[in-house]
Amino acid sequence: MFQILHGTDIPFMRYRRIAYLFSGGLAVATAIWLIVHGGPRYSVDFTGGTLLQIRLSQVVPADQIRHALDEGGYRGVELQQMTGENRNEYLLRMKAGAQGDPIAGVQSAIQKQMPGVTVEQRRAENVGPKVGGELRTKAIWAILGSLAGILVYVGVRYQFKYALGAVVALFHDVFVTLGMLCFTHREVSLTVVAALLTIAGYSINDTIVVFDRIRERAKALRKEKHSRVMDIAVNETLSRTIITSLTVFLTALALFIWGGEVLRDFSFAMLMGVGFGTYSSVFVASALALDVWIGLDRRKGIQAE
Amino acid sequence: MITHPYARRFTVWGATMRADQLKLAGVLVATALSIWFLYPSFRYYTLTPAQRQALPPGDLASLRRKAVHLGLDLQGGMHLVLEVDKSRLSAEEAKDAVDRAMEVLRRRIDEFGVAEPLIQREGEERIAIQLPGLTDRQRAMDLIGKTALLEFKLVRTPDEARNVWSRIDAYLAARGAAAAAGLDTAMRRSPLTSHFLEIDNPAFVRQEDLPMVEKLLASAGLDSVIPGDSQLQWSSPDQGARGVTGRALYLTRREPEMTGGSIATAQAQVGLEQANPASWGVSVTMSPRGRADFARVTGNNVNRHLAIVLDGEVSSAPVIRERIPSGNASITGGNFTVETAKDLAIVLRAGALPAPVHVIDERSVGPSLGSDSIHEGFTAGLVGTALVVIFMVVYYQLSGVVAIVAMLLNTIYVIAALGGFGATLTLPGIAGLVLTVGMAVDTNVLIFERIREELRNQRSVRQSVEMGYDRAFRTILDAHLTTLISAVFLFQFGTGPIKGFAVTLSIGLIANMFTAVLFTRMIYDFILSRGKVERLSI
Chain A
5 MFQILHGTDI PFMRYRRIAY LFSGGLAVAT AIWLIVHGGP RYSVDFTGGT
55 LLQIRLSQVV PADQIRHALD EGGYRGVELQ QMTGENRNEY LLRMKAGAQG
105 DPIAGVQSAI QKQMPGVTVE QRRAENVGPK VGGELRTKAI WAILGSLAGI
155 LVYVGVRYQF KYALGAVVAL FHDVFVTLGM LCFTHREVSL TVVAALLTIA
205 GYSINDTIVV FDRIRERAKA LRKEKHSRVM DIAVNETLSR TIITSLTVFL
255 TALALFIWGG EVLRDFSFAM LMGVGFGTYS SVFVASALAL DVWIGLDRRK
305 GIQAE
Chain B
4 MITHPYARRF TVWGATMRAD QLKLAGVLVA TALSIWFLYP SFRYYTLTPA
54 QRQALPPGDL ASLRRKAVHL GLDLQGGMHL VLEVDKSRLS AEEAKDAVDR
104 AMEVLRRRID EFGVAEPLIQ REGEERIAIQ LPGLTDRQRA MDLIGKTALL
154 EFKLVRTPDE ARNVWSRIDA YLAARGAAAA AGLDTAMRRS PLTSHFLEID
204 NPAFVRQEDL PMVEKLLASA GLDSVIPGDS QLQWSSPDQG ARGVTGRALY
254 LTRREPEMTG GSIATAQAQV GLEQANPASW GVSVTMSPRG RADFARVTGN
304 NVNRHLAIVL DGEVSSAPVI RERIPSGNAS ITGGNFTVET AKDLAIVLRA
354 GALPAPVHVI DERSVGPSLG SDSIHEGFTA GLVGTALVVI FMVVYYQLSG
404 VVAIVAMLLN TIYVIAALGG FGATLTLPGI AGLVLTVGMA VDTNVLIFER
454 IREELRNQRS VRQSVEMGYD RAFRTILDAH LTTLISAVFL FQFGTGPIKG
504 FAVTLSIGLI ANMFTAVLFT RMIYDFILSR GKVERLSI
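Each protein sequence line maps, in turn, to chains A and B.
Sequential numbering from 5 applies to the first sequence in our numbering.
Sequential numbering from 4 applies to the second sequence in our numbering.
Chain B extracted, bound-state conformation (with noise of 0.2 Å):
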């Protein structure tokens, strides 16, 4: 039973229209909202960077929102997945410590001046950063990673320190910890000291004995030794003195006088060592309850060495030389490049991380492997959909031609979609398109074949192409359907790149059904309406 295809009407909005002509207004509204939502796309991609500089910025930059998003691994990037470390914080702390890490981190990311982060909080303890087009991956380590604590420590006199160098020493060679460690007999009577350059406070060591010094100092039971309210603390690394470089090591006090938490502003400075005028810092004011605690703090120890403590090492320790009212400090002595001051300084600004954070899963990609990437993507797919069309034109002849026409569409509605949705292209989701080429034409040689088989059994053209629709459609079901379930759990289970990947192939199938049956079949159906048809070109 075959029903004429014009003999059915439907009504829209009041309008009564005929089946093709309902067909034909559905590809033709779908084409031209694809084209709309294309342009910008268009637009956007194909701008010389002149023409980009002449563009004013609100224009760029809502021209750039409606374009195609695309991932880091295509523009070049950095993704980072960090975890927040609440294992010392209390109960009341660890509350809110990720959204406080969050609000620290978007300060810091929005001063360090990247277009567009993503930042994105991930479960109960993780935050996800997206910097697109970064390059600098050290600096960006640097900058996020950084607790970003500053303390400030009194540190403890010479002859207290002494003190305690000489009982750490007994207490290691008693314990024959030197003998194990394989020193020399002459150093086992005093195993610590040995190692300095200076015995004073703060101790030097020298690069090459750090390691045994380390090993030494982690001994157990050792915190015994050292009175409840002091502290052993590491310079920065790569000091100098003397001539040689190593890390000075520091008794101070437990308690910090202070934290980074008074602090009002930072700046990167040259010249804030006098001894060093060539040398970068970062310059420090506090607020006003911090310029008070500062004024009594340095007021109180006149003459006593003040360690500035950030993240548990020292940068420098230099000597109240009298009370400080104005609350300026500065932090000089880390071996500070511009770019490393100038980092410290925006990460003081933005404030200390609630707790340290680690990066537990961390993919950049570089902006010329991106580039090649959509060079190679776009490549593979030219050539793969070339490879499509000959063997559709040869095989089908017109009607491989009318499949073409489909599977274009069908790629146009693809990327429009995309764009529509604010979806974002990556990789695998070109991958995913030009086998949507290879798997889009599937449908149409599934009812050309059926459509082959009934001209065979002498059925007119007309019978056979309407036959070929029907008979293939349940088949072209099955088919779409099966890759769509994988395609939902693929979704499911996916970072960033794979997600693209399962989203291009969701609106490449389900476009399909559009282009690949009803599409073509209104052309055939425009063909045959206009008269009978003894051959068809398939």
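Next comes chain A alone, as it looks inside the complex (with noise of 0.2 Å):
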């Protein structure tokens, strides 16, 4: 049989705190981050506004855009042009509240300064801010449904000593994840949202495998110490931690590269949430556990370590 990753012994609880700091430190930029930037960069979904896609017969440069657009009174449009095979392609961004038809008055302004173009509408959408705030509400709402019905099912399911470790992660993966996408300057839409929980559901998958071998080996392996017995299973379940992830991470990837531009936030998450639910589930939800468990013997008195 060919396999990789067997038989190895890595003292990955050595590593601990080496990676609590790479983890505590990421989750830490990600909220200075959050604070400075008072939040998320949050897509039309939430804030309200508009978001329109158009196609240009011919490449034109985005500052002549910009000038049509300035032109026609509509100032402080956010605008983007696609990159590669789609460079005849404009992202355009508005705050709520302009006055008429934002979609029809942007278009009819680039037509005028652009008399030989022509410009087809590939996608808009028109917000109200009303409704940016309720499915802003929904969102948090279901993250936090979410986590909690997780969080329940892992409580009922593992003892304190593991749960508490398994929690940390979960948040600590959906949480490092949201900074990715902030660092990378992306925006939070609906199906970022889809994409956050997805993780949060998913990335706990490594952890249970992990999880349930360190139970059946706490109890075969009574003598052995405790950081020694979380090594042997974390070493066991190693390769299906990374071969059950990578089979996911191989599709998320492809969804990356050829799901094209609608996806590419989406997938970008979910490439971010499997890598990072994998190094968790060893080095925040193991780890953790492994200091749990060390911490309630020495309450009782036992030596461990």
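Be aware that a few hints might be false.
What the hints assert, rightly or not - Have a look at the derived ranges for each label pair, beta carbon to beta carbon: (1) A:Pro119 - B:Leu213: 20 to 28 Å; (2) A:Asp67 - B:Leu58: 31 to 39 Å; (3) A:Ile144 - B:Gly425: 40 to 48 Å; (4) A:Phe175 - B:Ala53: 54 to 62 Å; (5) A:Leu38 - B:Glu95: 43 to 51 Å; (6) B:Ser374 - A:Thr87: 19 to 27 Å; (7) A:Glu124 - B:Arg68: 26 to 34 Å.
No lab work stands behind these hints, which were simulated from the structure alone.
Idealized CB from N, CA, C, for every residue including glycine.
Mind docking these for me? Both chains are given alone in their own frames, and the hints should help you get the complex.
Shown next, in the form of structure tokens:
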């Protein structure tokens, strides 16, 4: 049989402090970014406003379009030219509250300045501020709800000493993925929230695999040090942790590369979430479980490390 | 402790079956059902346009109903959420305003001719509308957003109007509003009328002067100088007078003589204006009661102007030459094109909305982006699947092939279930389907790794397979349940496309318990039942 990562004996737990620093650092960086920017960059789904994707019959430099928009009285429009094959496509974002019909207005403004160019509307979203606010509330409840649901499940299934690590890892994965979206200037849209929720449900899978093994091994290897038990369990399950993530990673990667512009932020979030989920099942969930385990034993007066 | 799988027997509908027979029967039934549900989708989406033409319309419609529905983000189209503005309605009128508005909108959309529109009530004051395949956004917005309140109002005589114009001038001059608005000293004594091309009823205002005049007319307290039974009323935009464009300002009676409620039918027509025989307009025929009212109104007001006001803007104000008993009127002067005239006729026939509606959420996807999305989603799915297939076959060899067959079966079940439940496939749904490919083989990876472990512990192939499945099961169940919890919350929260994602993900997870656990187990049982197996390709 062809196998990778079999018979490894990596002392993962020895490096857990470095991992805490790394994860903690990422989480703090995310938090600072969010505080400085007043939250993530929300898409029109959540802020209200207008998103317009147009395709012109020829490639026009962005500043010419900017000029046409200014002439038409549309200042403060965020303009983004797409890259690669779609260089003749442009994304325009406007804040809510424009007079009249901004979608028609912007198109005619461009048309007016460039008579020879045809403007094709690929996508238009026009969300009222009220709807945006409602969707934001709903999204927050959905995220909190599903996290709570998974928490309850984990709490029932595992003892406290494991549950805490699993829970922290879960929040870590979702939060750090959000951070990655922020750092790469991506927008949090409805589909991205869907990705975050999926990550919450999926990233805990690897943790479950490792924890089931830790529980099994903890019974069999009573005499060993706690950290050794952990390392054995993690090493034994390492190949499946990596492989299960790899298969999902491959499909998410295919979506990221070939799945088109509309799904790009979604698949980016999935890629990040799957990656961090794998890492955190070892370095956050298991490592924290170890520290809780040691702490509990020491409180009982038992020497443990 | 290991029970031999063939020792277990089950009774189904009075017939005793061995466990493996039961499983086989289950898989065969599920697969047959899936193919049954998939077939219409396969037929419908592989039809060439010519074949589609050749099919009887009834058959085509039933085929389309049974096929997997594509969301608006894939086939292109427009999704609107409207809010009915009940603020100006009495409690009695407000009660069924949304239902009446939906009725009116349904009639308008039916006449407009969109295939399979969806009009749904959402909560207390909202209406959601889906218009698949719609390409002309502007036209749809005009058709849906127009209140289409038609009023016939008497125009005040020129003397009455001049009187009001000068009273407004005096009021504005006294208040210093003109100075505040930044007008020249010369214009300060007659701030309003100095902007008029002709001081008459209607008065005409040039395009460039419109913002200033509108600002002046918005001055506080101006209502006090306009008689209570009269009203200022703008014409529709882009009118021409003496070779310049602008808008006309009318002084009309406040109370309409008649409203659009008395209309029986409306038609777009060319040549309604004698002066402008090539222009389009809408001819209106009144109901019998409306005809009597119209005869009375026209009879009492010969030689006066009657303004035809649509949604607060005067379309035209022809002079009444004589009593009109026929109940025919025409709406002209709105710079109509064939299309806008036809659409106005549609909305007039369908009736006015009981209250104005505001579009609070609009999402349109052009057909080109929709088909690009299908293409890209399909490509990503194929590449993703190929990558997973290569990995699984290289890594797990023949067992990898078993997992791949299970995964393909899983995908077929999911698409079939979408068709069978009448669910909608959206772009996030395709993403869910692609991700499911990766998640589906995870289950088998967990089982295979366990089996490998048992094999390394020198257990027999049969024992290893048994234990691999038994021991991995709990972990697999947990993993599925947590993801399912997320999917359920996602469904609760989601709008259309996201719901599509939650649905594909959920069906995929449930079907996966069947294909990746039960189906693959059946294959191994079959292999193992054919005698002693020394080596397992895993």
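Hints versus structure:
1. A:Pro119 - B:Leu213: 20 to 28 Å: holds (26 Å)
2. A:Asp67 - B:Leu58: 31 to 39 Å: The hint (31 to 39 Å, Cβ to Cβ) is violated, given that aspartate 67 (chain A) and leucine 58 (chain B) are roughly 52 Å apart.
3. A:Ile144 - B:Gly425: 40 to 48 Å: violated (31 Å)
4. A:Phe175 - B:Ala53: 54 to 62 Å: Between phenylalanine 175 (chain A) and alanine 53 (chain B), where Cβ atoms are some 57 Å apart, the hint holds.
5. A:Leu38 - B:Glu95: 43 to 51 Å: With a Cβ separation near 50 Å, leucine 38 (chain A) and glutamate 95 (chain B) satisfy 43 to 51 Å, so the hint holds.
6. B:Ser374 - A:Thr87: 19 to 27 Å: holds (21 Å)
7. A:Glu124 - B:Arg68: 26 to 34 Å: holds (31 Å)
Hint violations for this structure: numbers 2 and 3, all remaining hints satisfied.
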